[in-house]
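Peer 1: Here are the chains, one letter per residue:
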Amino acid sequence: MRNFIFFIRRFFNLILFLTLEVMCIVMIERTNTLQGNDIVSSANAVSGLVYKKQNDVVYYFGLRRMNDSLQNENARLRQIIEQYRSLDTLSDSLVKTKTQVGDTAKHIVRYAEYVYRTARVINNSVNATDNFITINRGSRHGIGKNMAVLSGSGVVGRVEHVSANYSSILSVLSAKQRVSARLKNIANGFVVWEGKNPRVLTMIDVPQQVEVKKGDSVFTNSYSLYFPPEVLIGTVIKTEPIKKNAMQHIYLKSSTDFANLQYVYVVENKMRQEKTQLEDSSIKK
Amino acid sequence: MNVYLKNILRFCIIVSLQVLILNKITLRWWSEPSGFPVFIPYIYPLFILLLPFETPVWALLVSGFVLGATVDSFGNTAGMHACATVLIAYLRTNVLSALLPRNLSEYSGLQPSTKNMGWMPFLVYSAFLIILHHLLFFSVELWNLSNIGQLLLKTAASAATSMLFIIVYLLLFTKQDNSRF
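One line per chain: the protein sequences are A and B, in this order. The first sequence: position 104 = 104 (my numbering), numbered continuously. The second sequence: position 155 = 440 (my numbering), numbered continuously.
To be clear, the hints were calculated from the coordinates, so they are not data collected in a lab. For each residue, glycine too, the CB sits at the ideal point set by N, CA and C. Hints may contain errors.
Label pairs and their calculated CB-CB ranges [what the hints assert, rightly or not]: (1) T378/B x Y223/A: 44 to 50 Å; (2) C297/B x R76/A: 31 to 37 Å; (3) I310/B x F6/A: 47 to 53 Å; (4) L408/B x A75/A: 41 to 47 Å; (5) K145/A x L438/B: 33 to 39 Å; (6) D280/A x V288/B: 55 to 61 Å; (7) G215/A x I293/B: 41 to 47 Å; (8) S217/A x F413/B: 48 to 54 Å; (9) D68/A x P341/B: 38 to 44 Å; (10) L438/B x E73/A: 34 to 40 Å; (11) K275/A x L408/B: 39 to 45 Å.
Quick list of in silico lysine to any residue cross-link-like pairs, SDA-like style, CA-CA up to 25 Å [claimed, not checked]: (12) K176/A x L420/B; (13) K238/A x G434/B; (14) K460/B x M405/B; (15) K309/B x Q177/A; (16) K291/B x L305/B; (17) K238/A x K291/B; (18) K309/B x S180/A; (19) K196/A x M405/B.
To spell it out: a stretch of chain A is covered by chain B in this simulated footprint if at least three of its residues, at any positions, have a beta carbon under 8 Å from a beta carbon of chain B; those stretches are [to be verified]: (20) 7–20; (21) 47–59; (22) 269–283.
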């Protein structure tokens, strides 16, 4: 026993060092596997508040850029409304004839599948392997884990940690995240980030015979559990064939400028629980 | 000023410098055209480097862990900074006693600085520990050896910029000896 105490006293520093390192590694490992620990994340009350105070100061410097991006978004939305308006008049005439034949359209219940909430970006990074964004909305405002996050121009990421007033978002610029994507109705694949340039994303799992032109747009598809379909991800810069599996890598310029985010939309998918339940139950059988 | 108060104040200054200013600098103006990885300098290990000579190792380790965990909580890196900072806190005493001509216990009441050690020994001491810190941090962050080139490139670029910022910090915050004038 005396020897044991002597041993501990002699190697106390080494033991403390190893204990602390093991603690760090456990912390890192937990965030990689589980949904993460909420205390050591920028969603906690203290760092959230610090970032909020800082953002209150620097917020005004970005107003002009933000105004421009909102203008662009408005213009795009107006264009989409115009498209739907012309479509509606067409379908009205169709419906009229259909109701006389037999009421098949009656069973379609219209619902709002996605709920959009706005949030302000109070902290942002593009330099790490896994980049996080902190926003000034939390569980008090209805934000939950795994909700999709979009900007006015495209995909941003997915909510990872939530506290009462703040939440942190794992952005698409991360090794942990892949977004299922669609290229011009002809090919599906995944969009990942290779960790170098924050403006360049990579689309993988596209067969080589798919012809891709520079400037083609890539959208999210309806397979994704998190993201609503038809959201722009990026436009094609160049392609690179992979010899060993007859696939090609498509490099995209991301539609969102991650370094200059000001406002984001947090999108809640009301049907997600039902969809995952159904898929899980069919896997079990 | 009381040595505890002084160090707590320095902790706050260095962490807020790191978190509110340096974390926001993404040096993209020259990294954009080529595939050069985006990086930022990390000056917060300077707090560990500047603690007084007679600080016991356990206190160094605990303060290193607290410092790293604080920076982690701001950057969503969960333990990566803490891991690297605890390592340099553990090695600090050995590096210092290797570099200094006299025994460490003879420097009571002093802290490592350019004035007490001279520029060259202090730069060697800080550069060695900073490079070690960055190497461990980036290897934990990337966590695969397949792109070891990128790891070394990122470490070198980040460590060089960190040293630059540390020299600027030292020039700004070291009390100048004005007795000659």
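Peer 1: Now tell me if each hint is right for this structure.
Peer 2: Here is what the structure says about each hint:
1. T378/B x Y223/A: 44 to 50 Å: 56 Å, violated
2. C297/B x R76/A: 31 to 37 Å: 45 Å, violated
3. I310/B x F6/A: 47 to 53 Å: 50 Å, holds
4. L408/B x A75/A: 41 to 47 Å: 55 Å, violated
5. K145/A x L438/B: 33 to 39 Å: 35 Å, holds
6. D280/A x V288/B: 55 to 61 Å: Because 59 Å falls inside the window, the suggested range holds.
7. G215/A x I293/B: 41 to 47 Å: For I293/B against G215/A, whose Cβ atoms are near 56 Å apart, the range 41 to 47 Å is violated.
8. S217/A x F413/B: 48 to 54 Å: 50 Å, holds
9. D68/A x P341/B: 38 to 44 Å: 56 Å, violated
10. L438/B x E73/A: 34 to 40 Å: With a Cβ separation near 37 Å, L438/B and E73/A satisfy 34 to 40 Å, so the hint holds.
11. K275/A x L408/B: 39 to 45 Å: 59 Å, violated
12. K176/A x L420/B: 22 Å, holds
13. K238/A x G434/B: Between K238/A and G434/B the Cα gap is close to 24 Å, so the pair holds against 25 Å.
14. K460/B x M405/B: It holds: about 18 Å lies between the C-alpha atoms, which stays within 25 Å.
15. K309/B x Q177/A: 23 Å, holds
16. K291/B x L305/B: 21 Å, holds
17. K238/A x K291/B: 55 Å, violated
18. K309/B x S180/A: Judged against 25 Å, a Cα distance of about 30 Å means the pair is violated.
19. K196/A x M405/B: 35 Å, violated
20. 7–20: This one holds; 5 residues, not fewer than the three required, reach chain B with a Cβ under 8 Å.
21. 47–59: It holds: at least three residues are needed, and the region 47–59 of chain A offers 4 whose Cβ sits within less than 8 Å of chain B.
22. 269–283: violated (count 0)
Violated hints, in rising order: 1, 2, 4, 7, 9, 11, 17, 18, 19, 22; the structure is consistent with all others.
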